[in-house]
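Just need the whole structure built from these sequences, with the hints factored in.
Residue numbering for the sequence shown follows this note's numbering, starting at 3 and increasing by one per position.
Hint data in this document are derived by calculation from the structure and do not stem from the laboratory. Watch out, some of these pointers could steer you wrong.
Stated by the list, open to error - Derived pair list, reagent style DMTMM-like, types lysine to aspartate or glutamate, alpha-carbon separation capped at 25 Å:
id, residue 1, residue 2
1, K78, D34
2, K24, E102
3, K16, E66
4, K78, E94
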Amino acid sequence: MQTDIDPRSLIGRKAYDRDGHKIGTVDEVYLDDATGVPEWAAVRTGLFSRDAFVPLAPSTYRDESLHVPYERGLIKDAPDFGVGRHLSPDQEIQLYHHYELALPEPAAPERPAADRDFGHVAGRDTAARPGERERDRPQR
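Structure (structure tokens):
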């Protein structure tokens with residue numbers, strides 16, 4: 003999906019399946035916890051006020067509507083987790099499996115910054131090696 007679209011602008015927009023059939027109205031947009039990028043939309047299908055989660059990455063936003071590249075039956079059979087709550091990692095995995103999408107790569111753990119040499123201590127000979135005191139150096 004276009005990444006320059008404000009996710010709030012999707013709320014209340016009509017959503018259509020791959021064949022152009024209306025599937026409902028976008029009720030909420032869920033952002034990825036790590037990146038903040040819109041990842042899922044909850045579409046109110048109107049069928050018993052149920053919300054179906056649809057993936058935003060393969061979807062397109064055009065003509066003021068969300069177009070989801072899946073058939074209506076698959077969308078309506080998507081797991082329903084209710085809206086207004088955070089999607090757990092397990093729930094997201096269920097959605098990825100339902101739509102047969104590849105799971106995103108896990109974020110690489112942050113590595114601590116390497117030790118840095120910030121220069122020499124005032125009053126010390128610049129020839130001293132790290133950890134060596136001036137009186138411990140061999141005399142020349």
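Mind listing which of the numbered hints don't hold for this structure, in increasing order? none
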